[in-house]
Amino acid sequence: MRAAANDFQQDFYQLFGLSAQYRLDNELLDRRYHTLQAQVHPDKFAHLSEAERRVSMQWATRINEAYQTLNNPAKRARYLLSLRGADTRQESNTSMPAEFLVAQMEWREAIQEAVEARNSGELDKLESRLQHETGALQEQLAAKIDAEHDYETAAEIVRKLKFFERLAEEIGSAFDAIDI
Amino acid sequence: MALLQISEPGLSTAPHEHRLAVGIDLGTTNSLVATVRNGIGVVLNDSNGRALLPSVVRYFADGGVQVGETAQAMQSEDPSNTIVSVKRFMGRGLNDVGDISGTPYRFVDAPSPIATSRGSGQAPGMVQLRTAAGVKSPVEVSSEILKVLRARAGEALGGELVGAVITVPAYFDDAQRQATKDAARLAGINVLRLLNEPTAAAIAYGLDNAVEGVYAVYDLGGGTFDISILKLSKGVFEVLATNGNSALGGDDFDHRIYCWLLEKNGLSALGASDTRRLLTRARAAKEELTEHDETRVTAILQSGEAIESVLSQQDFHAMSQNLVERTLQPVRRALRDAGLSVADIKGVVMVGGATRMPQVQRAVAEFFHQTPLTNLDPDKVVALGAAIQANVLAGNRSSDDWLLLDVIPLSLGIETMGGLAEKIIPRNSTIPTARAQDFTTFKDGQTAMSVHVVQGEREMVSDCRSLARFELRGIPPMVAGAARIRITFQVDADGLLNVSAREQGSGTEAHITVKPSYGLSDDEIARMLQESSRHAQGDMQARALREQQVEANQLLDAVQNALDLDGAALLDEAGQARIRAGMDGLRAVLQTGDIHAVKRAITQLNDATVAFAQARMDKSVSRALGGRKLTDLEV
Numbered sequence: 001m002r003a004a005a006n007d008f009q010q011d012f013y014q015l016f017g018l019s020a021q022y023r024l025d026n027e028l029l030d031r032r033y034h035t036l037q038a039q040v041h042p043d044k045f046a047h048l049s050e051a052e053r054r055v056s057m058q059w060a061t062r063i064n065e066a067y068q069t070l071n072n073p074a075k076r077a078r079y080l081l082s083l084r085g086a087d088t089r090q091e092s093n094t095s096m097p098a099e100f101l102v103a104q105m106e107w108r109e110a111i112q113e114a115v116e117a118r119n120s121g122e123l124d125k126l127e128s129r130l131q132h133e134t135g136a137l138q139e140q141l142a143a144k145i146d147a148e149h150d151y152e153t154a155a156e157i158v159r160k161l162k163f164f165e166r167l168a169e170e171i172g173s174a175f176d177a178i179d180i
Numbered sequence: 001m002a003l004l005q006i007s008e009p010g011l012s013t014a015p016h017e018h019r020l021a022v023g024i025d026l027g028t029t030n031s032l033v034a035t036v037r038n039g040i041g042v043v044l045n046d047s048n049g050r051a052l053l054p055s056v057v058r059y060f061a062d063g064g065v066q067v068g069e070t071a072q073a074m075q076s077e078d079p080s081n082t083i084v085s086v087k088r089f090m091g092r093g094l095n096d097v098g099d100i101s102g103t104p105y106r107f108v109d110a111p112s113p114i115a116t117s118r119g120s121g122q123a124p125g126m127v128q129l130r131t132a133a134g135v136k137s138p139v140e141v142s143s144e145i146l147k148v149l150r151a152r153a154g155e156a157l158g159g160e161l162v163g164a165v166i167t168v169p170a171y172f173d174d175a176q177r178q179a180t181k182d183a184a185r186l187a188g189i190n191v192l193r194l195l196n197e198p199t200a201a202a203i204a205y206g207l208d209n210a211v212e213g214v215y216a217v218y219d220l221g222g223g224t225f226d227i228s229i230l231k232l233s234k235g236v237f238e239v240l241a242t243n244g245n246s247a248l249g250g251d252d253f254d255h256r257i258y259c260w261l262l263e264k265n266g267l268s269a270l271g272a273s274d275t276r277r278l279l280t281r282a283r284a285a286k287e288e289l290t291e292h293d294e295t296r297v298t299a300i301l302q303s304g305e306a307i308e309s310v311l312s313q314q315d316f317h318a319m320s321q322n323l324v325e326r327t328l329q330p331v332r333r334a335l336r337d338a339g340l341s342v343a344d345i346k347g348v349v350m351v352g353g354a355t356r357m358p359q360v361q362r363a364v365a366e367f368f369h370q371t372p373l374t375n376l377d378p379d380k381v382v383a384l385g386a387a388i389q390a391n392v393l394a395g396n397r398s399s400d401d402w403l404l405l406d407v408i409p410l411s412l413g414i415e416t417m418g419g420l421a422e423k424i425i426p427r428n429s430t431i432p433t434a435r436a437q438d439f440t441t442f443k444d445g446q447t448a449m450s451v452h453v454v455q456g457e458r459e460m461v462s463d464c465r466s467l468a469r470f471e472l473r474g475i476p477p478m479v480a481g482a483a484r485i486r487i488t489f490q491v492d493a494d495g496l497l498n499v500s501a502r503e504q505g506s507g508t509e510a511h512i513t514v515k516p517s518y519g520l521s522d523d524e525i526a527r528m529l530q531e532s533s534r535h536a537q538g539d540m541q542a543r544a545l546r547e548q549q550v551e552a553n554q555l556l557d558a559v560q561n562a563l564d565l566d567g568a569a570l571l572d573e574a575g576q577a578r579i580r581a582g583m584d585g586l587r588a589v590l591q592t593g594d595i596h597a598v599k600r601a602i603t604q605l606n607d608a609t610v611a612f613a614q615a616r617m618d619k620s621v622s623r624a625l626g627g628r629k630l631t632d633l634e635v
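From first to last, the protein sequence lines stand for chains A and B.
The numbers in my numbering rise by one with no breaks, and the one at position 47 of the first sequence is 47.
The numbers in my numbering rise by one with no breaks, and the one at position 555 of the second sequence is 555.
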């Protein structure tokens with residue numbers, strides 16, 4: 001058996017044939033994702049041997065994981081930083097600037113108030129404001145990682161993004177709570 | 001012997017024998033089977049020219065079974081032995097079934113004993129039904145429907161079925177999916193794939209109309225509601241989000257009319273027979289009101305009392321308005337999960353008989369600001385899509401191949417301290433998907449641990465659906481916190497969860513005992529198979545052997561094709577020889593009639609080809625991007 005199993009060792013960027021940077025062409029990512037899945041997806045192997053079906057599922061699973069990682073801004077940044085040897089210390093480092101934490105509390109209160117008032121219009125507004133601020137953070141990330149190679153600051157922005165993701169989830173639950 | 005097509009995706013294939021495969025829509029109210037003939041999807045009719053098989057099963061005291069129209073005709077006369085809408089009970093416990101007063105069945109709560117870390121307890125177990133022929137699980141009842149469709153397909157196609165794609169509501173949880181697959185297994189059907197109903201409809205619709213863009217599929221069936229948001233682009237069907245309610249459908253509209261009839265006529269506490277009679281009248285009234293402004297409902301009860309009421313379309317719409325509204329909440333959630341708004345939706349495809357109701361069409365049109373698409377028969381579109389996909393999965397590949405990317409509808413999680421559910425695979429993750437999670441021991445010398453897997457979006461485990469409990473045994477004794485047990489949760493392309501565990505330090509596979517909360521164990525399936533074949537033991541064995549021989553021949557062809565294509569390039573002499581030895585071993589036992597020897601040889605050959613399969617996949621992955629890099633360069 002010749003050693004041919006290199007591809008499973010590739011990182012997600014290599015797998016998709018993309019250069020390892022934060023800013024990426026989403027359309028190209030989607031195209032590559034579809035091209036790869038078209039090769040490995042279990043639907044292409046349903047009539048073949050069990051060995052081929054098993055390998056197909058492993059590959060399709062890996063390509064889905066790679067796509068989900070690269071397609072999500074916070075996950076992509078965290079992954080890229082870990083490739084560069086910079087740890088975002090997601091679990092251990094919870095210290096955030098005080099004003100950021102205060103802003104978080106204000107967000108939560110605003111969401112809570114909108115739920116109590118059953119005001120979905122207000123939730124819409126909060127959601128688009130959050131999307132706007134998330135976009136701004138992503139711009140900062142691209143600058144810090146791709147241009148300035150300032151991974152320390154980038155890691156802090158990733159932690160902020162994580163907070164924003166949680167807020168987005170809370171707004172989703174808030175919509176659900178109003179919409180019974 | 002069937003010739004297998006060459007397995008290289010994307011390459012044109014040599015002419016080969018058409019392999020028979022079907023799509024089955026196992027519906028709450030009606031079931032259908034369809035296939036692809038001369039490149040076109042067709043629904044297979046019974047000998048009387050009927051496409052829809054009513055999903056009704058009647059049991060007799062002598063063990064006999066009737067399925068379809070004949071059973072349906074007797075549902076009022078023999079209500080407790082005639083099971084309708086059994087799909088509502090698949091993978092469900094008694095406490096999930098809800099209001100049982102409207103059903104004429106004799107339910108049997110079937111808790112299954114389980115062992116937990118806190119001692120032994122009971123899992124809720126799938127509900128069962130007491131009939132004249134004994135206690136039946138919904139899986140067995142469904143398998144009777146599937147057997148009839150399988151026989152219909154066999155007669156129409158005149159050959160051995162390679163397998164079937166069976167559709168399930170997109171919002172079915174793991175227990176309901178597993179129950180469906182078990183029913184197929186009981187019916188002797190090789191399941192090529194469980195396919196989500198709205199996705200099947202999208203395939204039939206999308207290929208037929210060659211559409212591009214984001215579409216919503218609104219699927220209101222007899223007992224289930226699904227909404228799926230799909231992106232269709234250049235041969236890719238990508239589900240962005242799905243939502244629904246697996247206990248909401250046309251039956252509920254019937255029930256509203258039924259309750260209205262009771263109230264209007266001052267009736268209460270009807271017997272099983274009258275209940276079924278009025279529910280049947282209610283359904284007829286509902287269908288009548290699709291075309292007419294009002295309908296007259298008449299019935300003669302067992303007491304001899306005649307009832308007669310007139311129901312207007314307006315009143316029916318008023319009494320069912322909140323049912324229609326309840327479908328819009330999942331629609332809003334699916335849109336939000338997909339990150340889209342109504343304006344992004346290019347078209348809305350209507351699926352399921354219940355979408356014929358004008359108030360449903362109006363509500364959907366109002367919500368999406370556009371007229372929904374109803375140009376494909378809402379009763380048949382799911383079976384047709386399933387047949388088209390089955391044709392591809394069986395290896396009858398057409399040149400205009402497509403890719404289907406579907407999702408898991410509900411988050412998977414595990415129970416953590418304080419009865420909280422921790423999500424490990426979020427809803428709307430594209431399948432197949434996997435997630436590994438590390439666990440450790442909390443006591444010195446601990447050699448076992450229990451993991452509770454749940455499905456749902458709520459925070460508390462008690463509000464989620466219990467899927468299974470896993471007992472891990474054989475952990476090497478260590479100090480507390482030293483063991484590192486990695487549990488891998490893998491969701492396959494059917495949307496079904498598989499779990500495996502490994503102790504990281506010692507590398508020993510921890511032994512897992514899976515106790516599905518609502519499913520059937522392998523032992524129970526084996527018992528049911530045995531029971532259903534008690535009268536035909538010889539037949540069963542002959543069939544099982546034939547199935548193994550067919551599988552063996554398919555495997556031999558597939559491996560031979562792979563060797564011809566890539567053997568010399570990817571394997572050294574020894575590697576090729578090992579695989580050839582495995583093939584020779586299988587050929588040697590093929591005609592001996594020893595089913596166990598055939599099974600063993602199949603497993604050995606499969607194991608011998610894993611590395612080869614991996615190498616072939618590596619090659620096709622590299623080539624997929626490699627071939628494009630010149631024309632598709634990044635800026």
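These are calculated hints, taken from the structure and not from any lab test.
A hint or two may mislead.
Stated by the list, open to error - Simulated crosslink set (SDA-like; lysine to any residue; CA at most 20 Å straight-line):
1. A:K75 x A:A136
2. B:K231 x A:A136
3. B:K234 x A:R31
4. B:K231 x B:G134
5. B:K234 x A:L167
6. B:K346 x B:G235
7. B:K423 x A:F164
8. B:K181 x A:D25
9. B:K234 x A:S120
10. B:K423 x A:L18
11. B:K346 x B:Q437
12. B:K234 x A:F164
13. B:K231 x A:D30
14. B:K619 x A:L18
15. A:K75 x B:Q437
16. A:K162 x B:L373
17. B:K231 x B:D401
18. B:K423 x A:A136
Since we're looking at a predicted model, the values are computed, not measured.
Outcome of the hint check:
1. Annotation: proposed proximity of K75 (chain A) to A136 (chain A) holds, straight-line Cα distance about 16 Å (limit 20 Å).
2. For the proposed pair K231 (chain B) and A136 (chain A), the alpha carbon gap of about 27 Å is over 20 Å, so the pair is violated.
3. Annotation: proposed proximity of K234 (chain B) to R31 (chain A) holds, straight-line Cα distance about 10 Å (limit 20 Å).
4. Distance restraint check for K231 (chain B) and G134 (chain B): the Cα-Cα separation of roughly 47 Å exceeds the 20 Å cut-off, and the hinted pair is therefore not satisfied.
5. Using a Cα cut-off of 20 Å, the hinted pair K234 (chain B) and L167 (chain A) is violated, with the two alpha carbons roughly 35 Å apart.
6. This hinted pair checks out: K346 (chain B) and G235 (chain B) have alpha carbons roughly 17 Å apart, not beyond 20 Å.
7. At roughly 18 Å between alpha-carbon atoms, K423 (chain B) and F164 (chain A) fall within 20 Å of each other, so this suggested pair holds.
8. Under the criterion of a C-alpha separation no larger than 20 Å, the hint pairing K181 (chain B) with D25 (chain A) is inconsistent with the structure, at around 40 Å.
9. In summary, the hint linking K234 (chain B) to S120 (chain A) is not supported, as the alpha carbons are separated by about 36 Å, beyond the 20 Å threshold.
10. This hinted pair does not check out: K423 (chain B) and L18 (chain A) have alpha carbons roughly 30 Å apart, beyond 20 Å.
11. A threshold of 20 Å between alpha carbons decides the hint, and for K346 (chain B) with Q437 (chain B) the separation of about 40 Å lies outside it, so the pair is violated.
12. About 34 Å separates the Cα atoms of K234 (chain B) and F164 (chain A), which puts this hinted pair outside 20 Å; it is violated.
13. A distance of roughly 12 Å separates the Cα atoms of K231 (chain B) and D30 (chain A); the hinted pair therefore holds under the 20 Å criterion.
14. For the given pair, K619 (chain B) sits about 19 Å from L18 (chain A) by alpha-carbon distance, which is consistent with the 20 Å threshold.
15. The hinted pair formed by K75 (chain A) and Q437 (chain B) meets the criterion: a straight-line CA distance of about 17 Å does not exceed 20 Å.
16. A distance of roughly 40 Å separates the Cα atoms of K162 (chain A) and L373 (chain B); the hinted pair therefore is violated under the 20 Å criterion.
17. Note on K231 (chain B) and D401 (chain B): the hinted pairing holds, with a Cα-Cα distance of about 17 Å set against a maximum of 20 Å.
18. With a CA separation close to 28 Å, the supplied pair K423 (chain B) and A136 (chain A) exceeds the 20 Å bound.
In the structure shown, a violation is registered for the earlier hints numbered 2, 4, 5, 8, 9, 10, 11, 12, 16 and 18, in ascending order.
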